[in-house]
Structure formats: structure tokens, C-alpha cells
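Asker: One-letter residues, chain by chain:
Protein chains: 2
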Amino acid sequence: QMPRGNLETVHHRALVLAQLRQWLDSLRFRETFECMRKLRINLNLIYDHNPKVFLENVKTFVTQLDSINYINLFLTELKEEDTASTMYPRPESSCVQSQPAPGQKKVDVVCDSLRSAMESMDPNKFCLSILTAHVKKTVPELEVALQKVRKLRENPPAAPGAVTAEEALKYLLFLVNVNDLYEHSLGTYDFELVLMVAEKSQKDPKEYIPFLNMLKSLEPNYQRYTIDKHLKRYRKALHHLSKCGEEHFPEALKLVKEQKLYSEALRLYTANGAQYKALSCAYAEHLVEQQQAEQAGLLLWRCGETIRALQAFASSSSWRNAICVAQQIPLPPDQLALLARDLAEKLTEQRRYSEAALLLDQYAKDCEEAIVALVTGAVWDEALRLIYMHNRQDITETNLKPALTEAVGTQVVFLEAQVATFTRHRARLAVVREQKQKARLDMLDEDGPDCPDAELYSEASSVMTSSKYSQSNSRISSRSSKNRRKAERKKLSLKEGSPMEDRALMHALGEIITTVDKMREEVHNLLKALVLFQFDKQAEKLQVVYEEALQMMESAVPEVWPEGLPNNQAPLTGPNSTANSIMASFQQQKPAASQQDAEVLTPPKMRNGVKWKLTILK
Amino acid sequence: QMPRGNLETVHHRALVLAQLRQWLDSLRFRETFECMRKLRINLNLIYDHNPKVFLENVKTFVTQLDSINYINLFLTELKEEDTASTMYPRPESSCVQSQPAPGQKKVDVVCDSLRSAMESMDPNKFCLSILTAHVKKTVPELEVALQKVRKLRENPPAAPGAVTAEEALKYLLFLVNVNDLYEHSLGTYDFELVLMVAEKSQKDPKEYIPFLNMLKSLEPNYQRYTIDKHLKRYRKALHHLSKCGEEHFPEALKLVKEQKLYSEALRLYTANGAQYKALSCAYAEHLVEQQQAEQAGLLLWRCGETIRALQAFASSSSWRNAICVAQQIPLPPDQLALLARDLAEKLTEQRRYSEAALLLDQYAKDCEEAIVALVTGAVWDEALRLIYMHNRQDITETNLKPALTEAVGTQVVFLEAQVATFTRHRARLAVVREQKQKARLDMLDEDGPDCPDAELYSEASSVMTSSKYSQSNSRISSRSSKNRRKAERKKLSLKEGSPMEDRALMHALGEIITTVDKMREEVHNLLKALVLFQFDKQAEKLQVVYEEALQMMESAVPEVWPEGLPNNQAPLTGPNSTANSIMASFQQQKPAASQQDAEVLTPPKMRNGVKWKLTILK
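Chains A and B are the protein sequences, given in the same order.
Residues 627 to 1244, numbered by the numbering used here, are exactly what the first sequence covers, in order.
Residues 627 to 1244, numbered by the numbering used here, are exactly what the second sequence covers, in order.
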């Protein structure tokens, strides 16, 4: 902002910037700096104009400026913003890479390179600028700065006019909030430094002297812990507390629980110790609350808390671990069987029939229940295995065969329903596409988007900036953008006439194909079981129905997902076409290109490599 | 083809066709027919002009023609071709549906509808036309025609001038090859009919009389079998032979094997009989030869051939069935254990470790080998289950733990390699895209495709039909189409500079993402096992490496698969753009749209729903 009424400072900015750029290119930093200061141009431009060149010439910069004040001014004005692209955009011809290495911040890069240049040139002379460079970093290096002040006091530099510790500290206090500086001085655990800062501050000695004395009286690790805790540096606090011996462990455990420093704590104590176990138990409790019972179980188990581990595993359906722990305890056989039954019940609820059957068979020793679970889950081959293993062929008649005939009926009905839905959607898709194509041609035939369907194709009009189209129809354009957002929301509605009905139909058709295709293994296994028990007729029926369904869907793919759909409609050219009409014909296909659409536009993969048909059924 | 020198028959075809269409529309079939005959216009047009109208007015057609000869002429000239779209294309204004119901053939539809019209009008009068309609069907109905002739002979029609059996047969022989007719008469198993045809034919009675006499002497089913076999109607032959009693079964089995009529044969014999068993065994042998040993096993097992079933199952790694059969036999324990070991070995080779372990544990009773198999397959939780089940914690130290630390190392190295390749491909992709974009702009800036990169974008020029572009560069255009075919072949080559290198890179990047994403479950299980055995450091390393890999890849997705890639480059418009230049800018993006590309253009789905991280590792 320019001060009002100061006319002599009014310059044509473009000319000024051109001059500055020229100076910067020829490394005339001093002129640049003074001009920028005078005309209140943001000093960041010195770096932003060409970061690489600046970094390579930091010493020249420092030498030319030759002023602690100037350098400090430059440092304090630094910010992340790239002024060469925001405030003072580069002329188009230049192509300077503006970003530093990824992950690095511009401010930090500049501070560090300036500081190391000054340190190598004359650390005493540039003392205050060096401190500024520490303080201005994204995460201010206050402790380093304080340490440097302390060094100044311990070894006052001999050079004439060198900055004293006093002056440096004063300067720091000018840059940084006094409380922040005090806290950070505490964080160095260096009481001399703390006192030095405290004295310079307006703090009441009655307040800080007793506190410092109390701290000084403590055992070093406990002292550091107390300071860290005071500064809310809980990780460091825990680290120091862990070195304070067993008698402080309850305090440590409390800190861990309060600050949820479980993982860190486990690293600080030796495994297999009592403290490690206590920490593990505390962590496990926390994990159970966080619905992470399985991980809680792992912690408990490995530190020998088997009973509690068992509970954790059982509650999280981590059945293998539960059973292992139970056998390690060891649980008496009847209780193990009960546990197995409980776990199996939960697994059955989750449709994990094979696992339930394993538990029932091997731990509850109830092969009948196990076989029933497998039959329920349509795991025919495993059911048969257990039947023969336990010589229970009777179950074949009572359970397996009836389940097989029921399953084949269910599958056939299911497939027929899928085929019916598919056929309906496919027919509707053809209708919708024809309508859209017609509406599209209608719109492009006309002079402007006055036809009722025009809003559907708002993309066409909304992107054209310099045509009579958008200029004369800005009202429609803004209206249609609202409509577009609306369309986005109900994008994939199957409701007849919804704007994206074609996409919704494609999505639904894709889902059906995926569902049906997924059944290959299941159908294959069912067919084999049916043949084994001489249910050839039913098996043939299923094979025919499934094959027809797959073939019908596969043959529909090129129709539903035509080759190159996004551009499938030939560009609308002809004697009457204009640049705009062609643009429009392309633009309206644009919605096809979004990420979500790309998925809808890709036909689902059919796993024709998975052979499911039986040769013996024809 | 018009006879030469016959000038009065030269008419202007368009005028004639217009007249014919008008007549057909007003159902003036007689005029139409005579005119078409005279001018040698294909008679199919009578139907093709408007199939629906013709079929609704078949009786009018017959009545107007009122000539057996004319109707026969029309029938004999019928063919599948739609002359209204091939020889005599419809004027654009009309929009007649030319296709009959799907699955039906035009010739059959016309024959059937004409025949049934004539039969309802006057079967005697139209006798010969009715026979023609039978004979002209896609699969000639010779037997039906022959039966009608026979009826004529048995009940000669009283009507004056009605066709006699004699005449009808003569006419049939004129339409159909005499040998065909003789064979088909045999196929009716009606010896009177056979004799009738034979007499009319030029066949030598010394030849057919003894054959017919021999046939007459046979038992009816065996007679029909003999005829069917003579006519190479093997299914029918088998059907009749199966009714001839046990003494003919060897002949049936031979026929089944020769003609591979196994499935049909099994339907003809009752299950559980000796013949059924023999057929099953024969079929099983055939299936084993066809690499379908599992299905062979099912057939053998269900008919009680357990030993052979076991062989079949074992040879096809159908281990559950093999074990079931083995226990049904029952195999002695030591042989069962051997079988289990053999099967387990095969499964291990196929990396099916869990199944191998089940066999070793439950049937070979060798829990140590089972656990080793599970450890080899990285099935940590199941390995642990068996360790505790059999109280073999010693294996934890000797096998499980060393395998865990090895696995974590392998995984980390693998992931780091994947990340490195990914990063390399990603960087290269950015370079390739920039080059292509630049080349694209260059091309569009210039007047013609003279720049060296133009061929890469041949799609742009090759589609424009009416611009100076393609007209002045046809040489380049044809050259580039050759190049395009070449590009198609090596489409997805990662070689630097290959025409589709960007696509190839996207493909490779997608593959890496899929591979890495697939590891979620594996990594999760490994992490849990590592934590359990206190390998927290290694687990943490793996967790960090895997998480970084996933994050890096996920964050790369929008860059590699930018939103709406096919149209991602803004259309090139501006003051100097023309309809053609805009077209070109779109057209060259067209290759993006093919089906294969659609897959490459869709970012792989990452299964972020699969939680793999452990909270306890940080």
C-alpha cells in the first residue's frame, strides 16, 4: 500500500520490475535492495526471481548489502509465498523453476544458506543476523540461538565493536516473545541460561527463583523430566522419567496413560520385565477401548498375560490366537470345547463357515455340527471330507443331498432374475442412448441452446468464452451450472429420465456381470457335488442357465461398452459446422471423462480363464 | 445378367423399382410378380420389400398368383439375403424393419407361412407347392414330404385334376437328389415308402431288395438301429440299440466309444446297473485322456469303481475327493498316510501350502511336516495353531522365528524395489507427456504435418476428409496408417521413445500398484506374527516401508491418471483456431478411447477398506 500524497514515489510498476529483474540477473543486489525498499516492493522477490541463482550467490548478496539491518530486514520479511508468481508474475518468456527441492521450505532454505554464509564470513560481525536466521525458521531454533548467546557471555569476542551477550539477548527478546524465550531456555536444562533470560525479562524473581531452586535440588533425570513436563514435552519427559528407577514407575505409568504414550513407553523398558508387563496391560486396556482387541491380545500374550489375552482374542473373533492361548494356559478340555463352540457361533454369524467347522470338528470334537456348518455354507467338498473322515455317511442323506437340491434351485432362480434385470437394463440403455443422440443432434442443428434439452449439454455452452453462444446466454449458462451440480448429486440414479440414466444403467449392468462372473467357482463346486450324487438333470439345468447367462452378458459387452465410448459419436462436421459447433459436439462428451465415469466406462472383466463347466454335462 | 441384344427389356431400373414398390404397397402381387419375372428382378424383393405386410397377406399373394408354377418359382428362388438392402436398396425415406424375429430364418418363415396358407386354402390343388415349401426349408423336411406322398397313394384325392402320388413323387425327384430321397425314405422306417422311392429311382433292385429284406427280418428296434447307423444318425441309432436288450450292449458300448456318445449313453441306461458302470468306466477313460481326470473320478466314484476313482482323483490333485474315496475303500492307515504325503507334495509344488499342511497333519499324522509347510507358505497363524495343538513350541524357535525375520527382510527389499521402479516410471511418464504435448502444439501451430513428430499424431490428419490437410498429404497419410498398425503391435512397449510409451508406463505403474495393494493381508498377518514374537523393530520397519509405498502410490494416482485424461488437454482454441485445427486437437486424443486403453486409463482400485496397519507400531 502506497502512502497517500507521496507522488514522487509513484512509478510505473512494470518498468520498475523490469529494472529489478535486470539488476538481479546481473547480481546487483545492493541497487535492487535499496530500490525495493524505497518503493516498498516485497523483498522476497530477490530470492523468488531466480532461487537457484540467489542460492549460488549468497555471499555476494551479503557482501553487497554489507548491513546487519538490511540483512535482518530481508530475513524478517521472508515468507513461503512465491512472489514471482503471485505479486509480481514473471514475464511469460522466462521459465525459472520456482520450487525448492520437495519437502523443503523456502524460508528454511534461505535462512540456512544465509546463516552458513555469514558464519563462514564473520560470525562476530553478523552475530545478530545469524540469530535472526535461527529465529525466523519455520520452527524457530530458539535453543540454538540461546546457546550462542551463552557462548558470547562465556567467551566475549575480542573484536572491536563485536556484539556482547547482553546486546544479543536484548535483540532476541526484541524478536521473540519473552515467555517463549524463557520456556525454551528452560528446555536447554541450562540454569545459567535460564537465569540470564529471566533477568532480562520483566519476570518477577520471586516467581522463578524458587522454581529454579526446586529444580536444581532434583536428581538430574528427574529434574529434566520435571522441566519437560512443565514444557508439555511429554515424550522427552517420559524418556527422562524412565531412567529414574523403579520407584518412579507409577508416575511413569500415569504419564503414559494420560498422554497415551504406550508405544513409546514399551520402547523404553526392557521386555519381559514387570514394568513392561504393566505397560502392556495398560496399553491393552486402551486398545480394547479402541476396538483393537486383537492387537491388545498380542501384547498381553507375549508378556504372559494369557487369561486376559484369551479374553481379548475371543472378543475379536481372532479364533486361532484364542485357541492357541487356551491351549497354552492350558484350558481343561471341556472349557476348550466350550470356547470353540462360542467362537464357531460367532464365525457362523459372519458366514465364515469353514473356520467354524474347523473349530467344531477339531476342538469341540463335534463333527456333526461341523458338517452341518459346512453344508450351510455350501462348502460341499469339505463337508464330504469330514463325512468320510468321521465315517458319517448318514449325514449325506439327511443333510447334504437335500441341501444340494435346494442350492441348485436357488442358484437357477437367482441367475434367471439376474438375466431378467440385465435384459431390462440393456434394452432401456439402448432407448436412452437413442434419445440422447437425437437430442444432441437437435441441439446442434439449431442456432442456440433454446431447445428444451440444451441444459443437459451445458458443458457445451459453458466453456466457450468468446462466442455469441455464451455471451448472449449468460443467464442460461449460470442456470445450467446449477443444474449440473444437481446432476452430479443424483448422477447414478436409475430413475427413468434422470440426467445420467445411461451411466446408471451401465453401472448396474456392470455390477450384474461382476456378480454373475464371481459365481464361477461356486457353480463349479456345486455341479461336481450334484454329479457325484447323480443329480445330473439338475446339474445340467444349472450349467445351461449359467452358461447362457455368461454368454448373454459377454455378448452384450460390446453393445453396452462400445469401443471408445467417450468419443464414440462421430464428430459433427459438415458444410454448416463452425468451430463452435464442433467444439460443442466434443464438449458435451466431456462428462464421460471423469474418474468415476472411467470406471463405469470400463467393461467389467470376465474371468474366462476360470473354467467352471463340466464336460460330462451336455 | 441381362441377355445381350434384347433391347426392349432395358428399362430404367430405378423407375421400375419405384413402380414395383408402389404395387407391393397396394398388394398388387400379380402385376408385381409378372413384371419382376419379365425383367428378371429377384423375386425375394416381394418379401423383402416389407416382410410384415407380406406375411399378413400371404393368402392374397397365393390367390392373386393363382399358379402352382408361379408359387414354386417364388419358393425356389428364396434365399436368406435381404435384397431390399443389398441388390435393391430402399430409398432413404422408408424405414421398414427387414429382419424377422431373431433366431428365425427368412426362408423358413416364408416357406412355413406360405405352406400353411395353401394347406388351409386347398391342400390338393396346391399339393406340389406344399411339397416345394417342405423341400426348400433350410433343413429340408424330406420325410414329411415323403409321408404326404404316401398318404396320396393310400387315399388318392377324389377331386378332379388332383395330383396323384405318382406325379408328386416325380416332382419330388425333380427337386431333390434321388439318393437323398432314398436315404430319407429309409429314415422313416417305412418300407412301403422306401420301395416307392426306390422304384421311381434308377436304382438297381438287385441292390436294394436284399438290403430291405435283411432289414425286414430284424427285430424292430434293432432294425431301426441298423437303418440309423446306415444313415449315420448315431444318436438315434444308440437310442434304438439301447432298447435291444443286454446281448446287444457290447455293440452299444462300441458305438458309444466310436462316436463319443458318452453323455447320451448314460442317459439311456439306468444308473447303478452293470451297463451304466461299464459306460461310466469307458467315459472315465476318455475323460482322463482329455485331461479331465477329476470328472472321470466323479463318474467312477458314483458307480462304485473306487480304486479307479482314487487314481483319477489323485492324478488331478483333487485331494479331498481322493482322501474320501480312500477312506471309503478303506485304505489301510499306512497307505492312507502315503497317499496323503503324495498329495501334499503335489500341493506344495502348486504353492497350496495350507491344503498340504491339512493332509500332512490329519492324514499323514505328521504335524512337524505340516507346520513346516505352513511356515514355508507364510501362513503364520495356522502354523502357530498347529504348534499349540500338538504342543510343539520347539518348532517356534527352530523354524517359525527364523522364517519370520527372513520374511520381513524379503518384503522390505521387495517393496523398496517396487517403489524404485514406480518412481522411475513416474518420472519418465512426466517427461514423455511433456514431449508429446510439445509435439502436439508444434504440429497444430504449423501449416501442415511437416514436423518430424507428425506421424505420431497421424490420427489427427487421417480422419479429416475435406480439409487441405489430408488432401495435400495423402502420401503421408497412407504412410502413417502403416505406422499406426506397427504402433498397435508394439503398443505397450516400455522402450524409451516407443510410440505408446506413455500408455506402457501407465500400464506398468498400474501393475505395480495392484501388486503392492494386494499385499495388505499378507503384510498384516506378518506384522501380527512379528509383534507376537517381539520383533517390534522389524515390524515397524516393514510398516513404515509399506505405508510409505502405499501413500506414495496413492498420491501419484491423480498425476498418472489425471481427471478425465482422454480430454485432459484443454481444447486448442484461440483467435487463430479453425474448425480443422480444433478437430485435430480432439482427434489426436482419440486413441485414448479404445477398450484396452480404457483399462490403462482407469487407475487401479486401491483397497483402502482393507485395514492392515497395527496401531501398536508407530
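Calculated directly from the structure, the hints in this document are not laboratory data.
Certain hints may be false.
Treat identical chains as interchangeable: a pair holds within one or across any two.
[Stated by the list, open to error] Cross-link-like lysine to aspartate or glutamate pairs, in silico, EDC-like; alpha carbons within 20 angstroms at most:
{"hint": "1", "residue 1": "Lys732", "residue 2": "Glu767"}
{"hint": "2", "residue 1": "Lys705", "residue 2": "Glu915"}
{"hint": "3", "residue 1": "Lys862", "residue 2": "Glu845"}
{"hint": "4", "residue 1": "Lys1231", "residue 2": "Asp1143"}
{"hint": "5", "residue 1": "Lys886", "residue 2": "Asp1128"}
{"hint": "6", "residue 1": "Lys1144", "residue 2": "Glu1042"}
{"hint": "7", "residue 1": "Lys1244", "residue 2": "Glu792"}
{"hint": "8", "residue 1": "Lys1231", "residue 2": "Glu1137"}
{"hint": "9", "residue 1": "Lys731", "residue 2": "Glu706"}
{"hint": "10", "residue 1": "Lys1239", "residue 2": "Asp748"}
{"hint": "11", "residue 1": "Lys732", "residue 2": "Asp1068"}
{"hint": "12", "residue 1": "Lys862", "residue 2": "Glu911"}
{"hint": "13", "residue 1": "Lys796", "residue 2": "Asp806"}
{"hint": "14", "residue 1": "Lys1244", "residue 2": "Glu915"}
The structure presented is a predicted model; accordingly, all values stated were derived computationally and were not measured.
Asker: If a hint holds in the structure, say so; if it doesn't, say that too.
Answerer: Quick rundown of the hints versus the structure:
1. Lys732 to Glu767: So Lys732 and Glu767 pass the 20 angstroms test inside one copy only (16 angstroms; across, 90 angstroms).
2. Lys705 to Glu915: neither (44 angstroms within a copy, 79 angstroms between copies)
3. Lys862 to Glu845: within (16 angstroms within a copy, 105 angstroms between copies)
4. Lys1231 to Asp1143: The answer is both: 9 angstroms in one copy and 19 angstroms across copies each meet 20 angstroms.
5. Lys886 to Asp1128: This pair counts as neither: shortest intra-copy Cα distance 52 angstroms, inter-copy 48 angstroms.
6. Lys1144 to Glu1042: Within one copy only: 16 angstroms inside, 33 angstroms across.
7. Lys1244 to Glu792: So Lys1244 and Glu792 fail the 20 angstroms test inside a copy (100 angstroms) and across (44 angstroms) alike.
8. Lys1231 to Glu1137: both (11 angstroms within a copy, 15 angstroms between copies)
9. Lys731 to Glu706: The answer is within: 7 angstroms in one copy meets 20 angstroms, while 77 angstroms across copies does not.
10. Lys1239 to Asp748: The answer is neither: 85 angstroms in one copy and 51 angstroms across copies each exceed 20 angstroms.
11. Lys732 to Asp1068: Intra 55 angstroms, inter 35 angstroms, cutoff 20 angstroms: neither.
12. Lys862 to Glu911: neither (24 angstroms within a copy, 77 angstroms between copies)
13. Lys796 to Asp806: within (14 angstroms within a copy, 120 angstroms between copies)
14. Lys1244 to Glu915: between (58 angstroms within a copy, 18 angstroms between copies)
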